[in-house]
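Asks: So you can see what is in the structure, the chains are spelled out below.
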Amino acid sequence: MSDMSFHLGEGSVRIEFDEGLYPKDAIYGAAYVFIDRCWVHLDRAGDRRIQVTLKAKKPGADTQIYAGEFQNELLGQAWRLRIVEENKKLVESITARALGGAAGPPGLDELLAMDIGEETAFEDPLGIAMSWEEKYKKKGKGEGAKAEAEDASEGASGGEKAS
Amino acid sequence: MTGLSTLFTELGSAAKAPTGLVPFRFREVGGDILLTNFLGDWLFVTQDEFRALTRGELDSASPLHDKLASRNFLREGLDQAKAAERIAYKKRFLNWGPNLHIAVVTLRCNETCVYCHASRANMDAVHTDMTPEIGEKVVDLMLQSTSPSVTLEFQGGEPLANFPVMKHVIEYALARNRAYGKGLEFTMVSNLAMMDEEKLAFLVDRKVQICTSIDGPEHLHTKQRILAGGNAHREAVKWIERINKAYIDIGLDPTLYHVEALLTTTREALKYPKEIVDTYVGLGCRAIFLRPVDPFGFAGRTAQIVEYDRAAYNDFYRTAVEHILDLNRRGEQVLERYGSIFLTKILGDDDPNFLDIRSPSGSGIGALAYNYDGKIFSSDEGRMMYETGDPAFQIGDVFTSTYRSLMKHETVRALVMASIRDVQPDCVNCTYTPYCGVQPEHSYRTQGTIFGRMRESTLCAVHKGIQDFLFDKLRENDPKTVEILQRWTTVRARTHFIHASSAS
Ligand code: SF4
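Chains A and B, in that order, are what the protein sequence lines are.
Residue 14 in the numbering used here sits at position 14 of the first sequence; the count goes up by one each step and never skips.
Residue 405 in the numbering used here sits at position 242 of the second sequence; the count goes up by one each step and never skips.
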């Protein structure tokens with residue numbers, strides 16, 4: 001059996017292919033593109049074969065075109081997955097810069113709307129409210145300095161609770 | 164000599180990756196090979212030179228070596244700090260949020276146009292008028308943008324149909340901006356048929372830039388834009404002349420300050436490239452934007468009337484721009500906007516921040532569109548899709564959304580990621596990636612996905628066609644033509660229209 005086959009039906013087209021041809025995410029992505037025009041059905045057609053049925057929502061649609069478009073979209077989705085995988089850092093840094101620049105820092109309204117309840121209001125993750133003795137009482141000389149450095153590095157890496 | 168298509172087959176195993184070069188992309192343009200690198204530098208090499216490169220041959224004493232070095236194609240000697248600085252400068256638009264805020268103050272319109280259905284309602288549909296309260300909320304959100312300057316663009320429908328609210332919003336924005344101190348501009352896109360002296364006096368006094376639609380010569384314009392009981396073209400022309408005179412009367416330079424007009428290139432318009440250009444020049448316009456018809460304003464059968472093959476559009480574009488270049492050679496100062504946007508990137512080493520041709524696109528992070536009912540969209544195109552029944556690009560509303568919630572909306576994030584050209588199939592290998600951009604809403608509308616399939620995208624075909632044309636001109640290197648194209652990269656700022664940015 002060839003790697004990909006088509007069966008035109010009444011207002012629908014069934015596409016079958018080897019499941020090893022494309023990553024699953026690409027198949028889902030490509031199928032999803034058609035949901036405004038078609039009823040989309042994904043199934044397994046025997047041993048390691050995927051079956052996608054596109055049934056046109058409107059009568060008279062050229063389903064052969066859908067079949068071709070689906071193949072092109074599959075290829076595009078698979079390629080994009082590969083490119084994004086290879087360029088993850090670039091995408092993340094551009095997106096972060098764009099959204100950070102557009103959103104700006106939180107304003108007063110947002111700070112006021114933050115969840116500062118009884119449970120969170122008196123949390124002291126950095127130990128700012130503690131006395132020096134309380135903070136370092138169990139540590140000997142020298143260890144305190146190390147602990148300080150650790151605290152500092154944890155703070156720099158994203159503000160997770162140090163406690 | 165064979166072209167690029169057979170080169171690598173001929174070479175077979177003799178093909179060798181050239182060493183010492185930065186990553187670059189290539190394309191055959193007019194018989195030579197265009198190379199572009201990630202910085203946006205470009206260079207033409209002959210087919211023989213390119214063949215030598217593909218065999219891994221690059222003699223350090225050759226003129227080709229010098230040429231490549233002078234355009235930053237060689238790793239050795241590349242000033243990395245300067246390269247990083249150039250990229251950061253060109254992408255500086257990422258440092259701030261939306262500059263363009265489109266307020267649809269009404270859907271009512273007094274004209275009926277062949278390419279516009281989604282964005283209009285009949286004149287009695289007063290329920291599609293924006294209220295003053297919604298208008299104020301639009302201003303409040305706009306002024307929270309991290310952008311130091313903002314433009315509020317009034318659109319419709321026909322915005323003059325809801326002039327009282329437009330007036331109120333302008334006064335409110337001027338008053339509120341005293342606390343923000345932003346560079347504030349107003350623009351109105353109108354067919355001008357509802358203009359009168361009183362409205363004009365207000366608009367000139369409040370420095371509202373006026374932009375209108377001209378579809379070309381009268382016979383074409385009136386065929387496509389029906390004004391009940393009148394002639395849409397004559398009305399527009401009459402008011403363009405009157406407004407331009409008003410600018411002269413207050414001492415503004417008419418070469419810089421005049422009504423701007425927008426073209427929508429329909430299938431019918433393709434027949435008249437030169438006549439359209441001449442109409443614009445005759446009206447005193449210095450910039451013509453040869454925009455192909457977009458797929459947002461209409462649906463179904465209308466598409467078959469106004470749509471066309473993009474190869475036909477590219478022929479139209481070439482003929483029209485050749486004519487514009489001829490006019491320039493005869494002393495007329497007129498430019499084509501598409502050309503000017505791409506040339507600013509290609510020759511000017513800058514990005515003019517045109518929202519639909521940048522990477523990532525300006526959807527959400529560069530512009531917001533506010534519907535008459537207060538709903539907010541990532542772009543005006545997204546808003547039009549909502550009007551045809553698809554809310555995919557609604558990111559909030561003026562009643563409940565905060566500015567930051569809009570910017571952090573998952574749709575905005577997706578639109579940013581989908582419009583980074585360097586990581587899209589096809590674009591990743593395309594020679595024009597450093598200069599290109601595609602609005603993801605367009606891909607969604609035409610192909611059902613915000614990522615799009617560029618090989619089948621009409622927008623990609625247009626962008627490729629235009630850049631092929633421009634690069635071919637640069638390859639021919641006719642001094643007069645290059646001088647004209649170089650001039651198109653310099654856009655003079657219209658400072659008169661900027662309201663002072665000093666906060667009180
Ligand atoms: S949209 Fe088309 S022309 Fe533009 S970079 Fe992508 S492939 Fe190239």
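For the record, the hints were derived by calculation from the structure and aren't laboratory data.
Mixed in with the good hints there might be a few duds.
[Said to hold, decoys possible] No farther apart than 16 Å at their CA atoms in a straight line, the calculated lysine to aspartate or glutamate pairs in the EDC-like style are these:
1. Lys370/B to Glu334/B
2. Lys179/B to Asp242/B
3. Lys434/B to Asp478/B
4. Lys571/B to Glu92/A
5. Lys437/B to Glu381/B
6. Lys88/A to Asp513/B
7. Lys571/B to Glu69/A
8. Lys437/B to Asp489/B
9. Lys636/B to Asp513/B
10. Lys89/A to Asp478/B
11. Lys300/B to Asp585/B
12. Lys254/B to Asp513/B
Asks: Hints the structure violates: just list their numbers, smallest first.
Replies: Result: hints 2, 6, 7, 9, 10, 11 break, sorted rising.
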